[in-house]
Amino acid sequence: MISIGIIGGSGYTAGELIRILMFHPNAKLDFVYSTTNAGKPLSVAHHDLLGDIEMNFTDAINPNVDVVFLCLGHGKSISFLDENQFSDSTKIIDLGNDFRLLKDKDFNGKTFVYGLPELNKTDIKNAQYIANPGCFATAIQLALLPLATHGLLNDDVHINATTGSTGAGVSLSETSHFSWRNNNMSHYKAFDHQHLGEINQTLNQLQTTFKDEVIFVPNRGDFTRGIFATLYTKTDESLEDLLAKYQAYYADQPFVTVTNTNINLKQVVQTNKCIISLMKKGNRILITSVIDNLIKGASGQAIQNMNLMFGLDESTGLHLKPSGF
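Residue numbers (UniProt numbering): 1 to 325.
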């Protein structure tokens, strides 16, 4: 059994980790760390766990667990690891953005591998430290990896993507209150979202000739979970050839499905799946990519990475079915 610790245990991503790991056949939850809820039952913060798990939050860590998940706010993992030491054998999976970029991957003798399995599976299997990708970055990169792999990104890429309110985290803000978010929509950080760094990094890794712009407008949706991303760019490839390239690229990736039909969020919410749809009009390809921002965009992908790091089938514990109604 893999012994597991979770740091920052009261947030949404930690709650999803606990919910999935409870039923993982190779996982044993050792501790859930939260200074604000220490001594209280997990169900105080995660009401969906009431009656399912008898465990309290703690403000003490076990430095000898097999793997620790960092579910801290962006920029806080570095300070936590500076102040808290784990054993030399403990694997670390960071769900924040502290180590995602190549310029940030080395820290205190640790080298973090970018944890997008459909891109870096071999490196993840051999890694001890993982930088889990961002949620928007996951949906967008999965939509573009086959194009970049075949050198087919030869024009600007335009992206419009909408995320659910859980993407803003558990802390309240003006734009996360129900009265503001319900029956409402807005964009934020247009053309300057923090996930652009990792997206551009990956595209340039796969296609060194790509010099055009990735133009990204992120939106706040009036739903709780999921990311619905639409992307378009110019290409002379036929739809049939593009479908064949996408299906071949993802043939051995258990969580990515490619189709040429219309898709919707309910097909992926509560799962670790990504569904990609391709449509073409004239010389423009339209790519739609949908994921659950908390699972494939965060906690599920983190568990997928854990499975790879420990030599398990990557889908272990992640056979999750959506509800279409």
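Honestly, the hints are just simulated from the structure, not real lab data. Beta carbons are placed, not taken as given, at the ideal position from N, Cα and C, and that holds for glycine. Just to be clear, a hint being listed does not mean it is correct.
Straight-line alpha carbon distances no greater than 25 Å define the calculated SDA-like cross-link-like pairs of lysine to any residue that follow [claimed, not checked]:
| id | residue 1 | residue 2 |
| --- | --- | --- |
| 1 | 189 | 222 |
| 2 | 245 | 314 |
| 3 | 266 | 247 |
| 4 | 280 | 155 |
| 5 | 211 | 222 |
| 6 | 103 | 119 |
| 7 | 281 | 250 |
| 8 | 211 | 150 |
| 9 | 266 | 241 |
| 10 | 189 | 178 |
| 11 | 321 | 281 |
| 12 | 245 | 189 |
| 13 | 110 | 311 |
| 14 | 40 | 53 |
Label pairs and their in silico Cβ distance ranges [stated by the list, open to error]:
| id | residue 1 | residue 2 | range |
| --- | --- | --- | --- |
| 15 | 52 | 88 | 29 to 39 Å |
| 16 | 76 | 175 | 15 to 25 Å |
| 17 | 182 | 267 | 18 to 28 Å |
| 18 | 222 | 158 | 32 to 42 Å |
| 19 | 89 | 182 | 45 to 55 Å |
| 20 | 252 | 175 | 38 to 48 Å |
| 21 | 182 | 123 | 39 to 49 Å |
Going through the hints against the structure:
no., hint, verdict
1, 189 / 222, "17 Å, holds"
2, 245 / 314, "23 Å, holds"
3, 266 / 247, "22 Å, holds"
4, 280 / 155, "15 Å, holds"
5, 211 / 222, "35 Å, violated"
6, 103 / 119, "18 Å, holds"
7, 281 / 250, "23 Å, holds"
8, 211 / 150, "15 Å, holds"
9, 266 / 241, "28 Å, violated"
10, 189 / 178, "21 Å, holds"
11, 321 / 281, "33 Å, violated"
12, 245 / 189, "32 Å, violated"
13, 110 / 311, "21 Å, holds"
14, 40 / 53, "13 Å, holds"
15, 52 / 88: 29 to 39 Å, "34 Å, holds"
16, 76 / 175: 15 to 25 Å, "21 Å, holds"
17, 182 / 267: 18 to 28 Å, "23 Å, holds"
18, 222 / 158: 32 to 42 Å, "23 Å, violated"
19, 89 / 182: 45 to 55 Å, "47 Å, holds"
20, 252 / 175: 38 to 48 Å, "40 Å, holds"
21, 182 / 123: 39 to 49 Å, "42 Å, holds"
Going down the numbered hints, you'll see the structure goes against 5, 9, 11, 12, 18, while the others check out.
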